[in-house]
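Number of protein chains: 2
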Amino acid sequence: QKKTNLSFSNRGKTLEDELNETNEFYLSRSMAVIHKKPVPIQVVNVNYPARSAAVITEAYFRTPSTTDYNGLWKGKYIDFEAKETKSATSFPLQNIHEHQVNHMKSVSKQGGITFFILKFTSLDRYFITPYVFFEKYWERMISGGRKSITLDEVMEMSTEIKPGFNPRLDYLQAVSALAASYETIERQEDV
Amino acid sequence: QKKTNLSFSNRGKTLEDELNETNEFYLSRSMAVIHKKPVPIQVVNVNYPARSAAVITEAYFRTPSTTDYNGLWKGKYIDFEAKETKSATSFPLQNIHEHQVNHMKSVSKQGGITFFILKFTSLDRYFITPYVFFEKYWERMISGGRKSITLDEVMEMSTEIKPGFNPRLDYLQAVSALAASYETIERQEDV
Ligand SMILES: [Mg+2]
Ligand SMILES: [Mg+2]
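Chain order of the listed sequences is C and P. Numbering of the first sequence is given in this note's numbering, commencing with residue 723 and proceeding in unit increments. Numbering of the second sequence is given in this note's numbering, commencing with residue 723 and proceeding in unit increments.
Treat the hints with caution; some may be incorrect.
Because identical chains share one entry, a pair is satisfied inside a single copy or across any pair of copies.
[Claimed, not checked] Taking lysine-lysine pairs in the DSSO-like style, the calculated list, with each CA pair at most 30 Å apart, reads:
id : residue 1 : residue 2
1  : K758      : K827
2  : K735      : K869
3  : K759      : K858
4  : K884      : K796
5  : K796      : K759
6  : K758      : K805
7  : K884      : K808
8  : K796      : K827
9  : K759      : K805
10 : K759      : K831
11 : K869      : K805
12 : K758      : K796
13 : K735      : K759
14 : K827      : K759
15 : K869      : K884
Hints are computed from structural coordinates only; laboratory data are not their basis.
Given only the sequences and the hints, what does the whole structure look like? Please build it.
Encoded structure:
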């Protein structure tokens, strides 16, 4: 394979676009089966015009009860939430829902691999942050502490990933390392 | 635990209600983390009234690209599609989408546990049908054969589950047997 010499900086794309492209790449190569879940919407009223598709005429956005993305990689369950911030110094916690954090806790207990993909848009930097390390910063906020995680703290507990061409955001590399570290811990606990 | 002596026949409930109750039960006991995915909807127009929630005023239902339910049980990835039929003699294939079948094939290849939960509402009978056995009936249809699976064929390839009180549809029992049979096959292939 020839490498094309492109600048990979692509600030116009949303993190969601980048992840959808990446997931399509993984699916097409049979590397993983990971999809974004649809946005939960409560439908109140629907019209059924003759000879054309049903039209929803009244509906409301609902708060998601789980994370945005889940799926399967080498038989293992993968579950993550993707968030971007414009801040260059810290990651705000206010747009992470308590339901989502509770869901990640359940996934973690049930043996799944769960993490955040955090994007600092103004820095063009991306981090894979395992839920198990994130937890203490969430608890710090709950107990009255700061409502964000500093960039230094994010760097300290995360794996940084560099955007590329195809796949755009090769997060499975970091996930693979994460899964290996879990297995090491499990083996040690078995002893 | 005392067993209450109730009739568990409950034909008014939809299969979706029964599965949601069951999944809540599993989640509350930390037995599994399995959720129904939201229905995919394409939002075309949204109004933002002052001082109240955003109202979606035009939207359309989209064809799902994956199955309805997925999640995690003892570290393993679980993925299924739930369907009911009023027929007492066969299960029609026309309301299973090709996208969903392709998704299940990908899941199966990636080492996930994937199956249908089929309900014959007029018989009050429920079946767990592994995707690996279902595949040949789908291919029979593709190659011009019948557009349904007979009840006898469903019975032959499935595990029947009886509805109960709590959990309403204890499908993890059947999944557990299915997972064990996969592991046996893998061990044999390793030899
Ligand atoms: Mg999100
Ligand atoms: Mg369905």
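Status of each hint after checking the structure:
1. K758 <-> K827: For K758 and K827, both the intra-copy (19 Å) and inter-copy (18 Å) Cα distances are at most 30 Å.
2. K735 <-> K869: within (27 Å within a copy, 43 Å between copies)
3. K759 <-> K858: For K759 and K858, the Cα distance is within 30 Å both inside one copy (27 Å) and across copies (29 Å).
4. K884 <-> K796: within (23 Å within a copy, 32 Å between copies)
5. K796 <-> K759: Classified as both; 20 Å inside a copy, 22 Å across copies.
6. K758 <-> K805: So K758 and K805 pass the 30 Å test inside a copy (13 Å) and across (22 Å) alike.
7. K884 <-> K808: within (18 Å within a copy, 53 Å between copies)
8. K796 <-> K827: both (22 Å within a copy, 14 Å between copies)
9. K759 <-> K805: So K759 and K805 pass the 30 Å test inside a copy (15 Å) and across (20 Å) alike.
10. K759 <-> K831: This pair counts as both: shortest intra-copy Cα distance 22 Å, inter-copy 21 Å.
11. K869 <-> K805: Result: close within a single copy only, 15 Å intra versus 44 Å inter.
12. K758 <-> K796: Both ways: K758 and K796 sit 18 Å apart in one copy and 22 Å across, limit 30 Å.
13. K735 <-> K759: both (19 Å within a copy, 25 Å between copies)
14. K827 <-> K759: Both: 19 Å inside a chain and 19 Å across chains, each within 30 Å.
15. K869 <-> K884: within (27 Å within a copy, 48 Å between copies)
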